[in-house]
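Participant: Chains B and U supply the protein sequences, listed in that same order. The numbering used here puts the first residue of the first sequence at 1, with every later residue one more than the last. The numbering used here puts the first residue of the second sequence at 434, with every later residue one more than the last.
Think of the hints as simulated: they come from the structure by calculation, not from any bench. Do not take every clue at face value.
[Said to hold, decoys possible] With a cut-off of at most 20 Å between alpha-carbon atoms, the simulated EDC-like pairs for lysine to aspartate or glutamate come out as follows:
(1) B/LYS104 x U/GLU691
(2) B/LYS74 x U/ASP475
(3) U/LYS445 x U/ASP485
(4) U/LYS747 x B/GLU361
(5) B/LYS302 x B/GLU270
Now for the letters of each chain:
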Amino acid sequence: MNNFSAPQLDPLHPRRHLQQLQTPFGARSVYDSISFCNRCGSCQQACPTFLQTAQEPCSPRGRNQAARLIAERKLTVSANRELLEKMVNSCLLCGRCTQACAGKIPTAQHMLELRRTLHTRALPFLLHTLLSWRSRRPARFGRWVKMGLFLRRWGAVKIGRLLGLTRLGSLRWINHADDILPRKRDRQAQARWKEFLAQTPQTPTMIYLPSLEAEFFMPQLACSVLQTAQNKHRVRVWTNTASGLFEYVYGDLRQSRRQVRRLIKRWEQEGRLPLLTDSVDVYLFLRAAGQLFDRWPHWQQKADSFARQVRFVTDVLPKKLAAPVSGRVRLDAGALFLREGEPFDSARKILRTHFKKNFVECFYKDADAPAFGYSFVRYNLAAHVWTQAVRSAARTQTGTVFTLSGLSALELGFYLGKLYPYAKADHLARLNG
Amino acid sequence: MKIPASVWTQLKQTAGEENVLADEVSLSLYSYDCSLSRTRPDAVINVVRAQDVAPLLKILYRHHIPFVPRASATNHAGSCTALNGGVILNLAGLNKILQINTRQGYAVAEPGTITGDLQDRLAPLGFFYAPDPASERVSTLGGNLAQNASGARCMKYGGTIDHVLGTEVVLPDGRELYLDRSQGGPDFIGLLAGSEGTLGVITKLKVKILPAAKHIKTFLVTFPSLAASVQTVSDLAAQGIIPRCVEAMDQVTTRAVEEFAHAGYPLDAQALLILELDGTPAQIAAQEKALESICLQNGAQKFIPAKTEAERQKLWFGRRAAYAAMARLAPNVMVGDGTVPRSELPRALAKVRKILDDNHIFASLLFHAGDGNFHPQIVFDERNKPETVRVTRALKEILQACVDCGGTVSGEHGVGVEKRAVMAYQYDKPTLDLFARIKQAADPQDLANPLKLIPVDYAEKARVAPALSAQEAPLARALQQGPCVIVGANTRQKTKASNRVCSLGLNRILEIDKTNYTATVQAGVSLRKLAEALAQENVFCLLPRKDEGTLGGAFASGCVPDFYPHVLGLEALLPDGSRVRYGGKLMKNAAGYHLTRLFAGSQGTLGLVTQLTFKIFAQPVPAAARKPFAPAEGNALWRAIKQQVDPHGHLPPVPGETHE
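With the rest of the complex left out, here is chain B (with noise of 0.2 Å):
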């Protein structure tokens, strides 16, 4: 039963929300974790957004607060969707404020749990319907994808940017798709990851679960990661299979919760055996996906279980690496949520050892890369934040930018080749090779 006396975001609507959030100091209900915000203001100066306004609402404590006056009833959703929503839609959901901030408040899921209770829907439709497939329709996405890159090829996009149709707002966000993604295919690198996918292991050790840029735009980083975890893993890569992340940060939560069922019934069914994925933000995810049941003890288990299995490039690249690059290199660790832990320090560990000096520690303002399609949620804020993040690695006169994600890689590489050319972004996984 639902208890409607509690403060909630969305008593209304309990199994749309999570009920407790996992935080470094254990499990809280979602109003126990607003409220541990003291409004001291720590995270104010962490947020890429308060930086570029300037002004409260645009503020994690701001946010926090917002979510606050709504779960004890003093703040109208009703009366005041349209500011809530241009609100919550402004958070990069980096995670930057949970580093900064003492009591290490999750602003992040906060805004998502905002989000789900505004029933807002951040992504222009017409990408969302597509994105959403992926878990529902797998194959439908998958030929919906091959046949936009093949418009593409043939100048679908370029008529439509000439005629000016991709300056309709429902249709902008193509303009940002086309930018980001490679002009040229790479056709060595689809066919060894064609390959990679004919040679099925019979007894295989890992899994590898690629993120959809890998899969789709980047064959080049899918066969990196492959190749790297088949020197000590026999890998079965899971084909066109979503994680339930975009469910869970622009979609339905139930629909989330639906997919990461499948993806653990499936893992089950092959053996239990390690997940790897090369998305940060995926991982962050898959490792805390008890949170998603728990109303459901018994599948909270099997998520928990299922989570301790999920691995990160970072645990899987040897000690000595084998791609030659010169000048320096610094790590973007925009990610989703989180931006300390494991895989970060892996990664830094991993980019120190090998470049040594050439490493480039960041500042603490040093903006990071706006992770997993902020860009098409927010793109004048998205790029100015990129912007920032150009100019802090040309301030460090970095060579390379190495991301841990896909997507980050591709974006960064944008605005690298626009404004400081010099630099370019890959994804820390190619440093293999």
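Chain B is fixed; fit chain U onto it per the hints.
Facilitator: Using the frame of chain B, we list chain U on its own:
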């Protein structure tokens, strides 16, 4: 409060349509700061250009609309909430560093500049800005001045008040004023420090920057008792060793921090000191030996120097993690801020621990041992009303205990609304009246951050003032009776007026305190006599040793401006015959307006200074430069305060105004 439609239009025309907000979400999100105070304003204006502030204030003044300047709102005192409604002026966008001049040692910046950002810009140039509040990564230069913030380096370098060289301020009626320490007259920058936006809006600051120390060494020392640790700090001062930082924590705090941060702090010690020395390697080596011997003399259990930079960072990590260690335990952390004379610290801390235990409250206790400033960090859940009431009550008791130990209710966090009531416990009625008159002078309509700092209805609750002494009573009567000119030995002013009121009768050296290193001296004492008395005790002060005239004259004439930061407390007679008493043996005081700075250089226009408490040193210090006496240049603020303090013109008028 309802803002008329015509005013909205004017505000939008001035600040920009998109910068004037009145929606429910914005108003709710500007209703708080880091305290428990919450009040919703009627409008929020995002100020994007400093030059917009004056026209905006003129509009608000014309329509009697209160306003509250606000930047990062990280204060713990409730200084940024709009108690009377009105407008929040969000100055966070004014965050540009305009100039850094390393040759002349200053930087010019807008008030919303983050203090940490300035430090980051100065570091590659080999300079630093001395005030280092713990919140420097998020707090602003303007906010630091408005609250007179300071940090771990305060013992050696002083607080924000001592590091601002000039400031542009807009008075509540929209008049712009440039205040510079070189102008002479009362130290109005000192008056603005800790004024919490009640006197006007700061729009630009010129701050002092110093060459950074190239060599720093940090030590961790543990003691079997708090008293031993405090005595060590006094002994260090006696030896002339002023550490760059002296941070301390008690055993409860050490245990909480160690559990969280694993900084390697010993858990068996009752008190723990983190000391830091800076200077040349030879200086550090010499001081280190003396430091170790003093610590061991006082029964130090462990003396651990940080051998590498990593070890040094680890020592500091634990201290910095103290807040985080508390923040993870409960939703709210209330950070108290009391200051007592250094010698009273063990007694005050024992009282604080008892109050906390009596109220069943868990709190850590950190203190800046060099300044007698302590911060109980109380964890609680504000959703639990009885607990919140208990915590609020305990904090009030702590501050009262602090005042009972000769201390102040705020050392560096300010008063705001949370400590407003206890101000009446600290100050007597004439002093609170003077605070109210200063506020009335700068802000006759009570528009600038109203209802802050000064307690409401304090007449009956105010501390009882002791009666005037036999020496003071005739002086008070003379001031009350009619036009007069205040003189000491009349060596500087050289007035020939017949209606002189002379302070020479106040000629006693009341106390030379070699524990706190302060001297309390009546104003009529001659500088020669003072120098002799200090020499007998083998202590020194900054005042010129062979100068003519009296202590009061040197202070009020404006001839020795470098002495102002050394004055910690003051008593003065006002033209109405009342006596004000401010400060004492306190190294820090952020409660109320800085009266020591108001009377410094006031040239007898505001009242007669009868007694001063100032810093003394165990080692010889270079004497401050002495300037020839010259009438200071008046300004609008000085004249307004004079009008309030001396409405019948009993004292000479403020000199002509040239710096409007």
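Participant: None of the hints should be skipped; say for each whether it holds.
Facilitator: Now the hints, each set against the structure:
1. B/LYS104 x U/GLU691: Within the cut-off at roughly 18 Å; holds.
2. B/LYS74 x U/ASP475: holds (16 Å)
3. U/LYS445 x U/ASP485: holds (11 Å)
4. U/LYS747 x B/GLU361: Roughly 19 Å separates the two Cα atoms, so the pair holds.
5. B/LYS302 x B/GLU270: The hint holds at about 14 Å.
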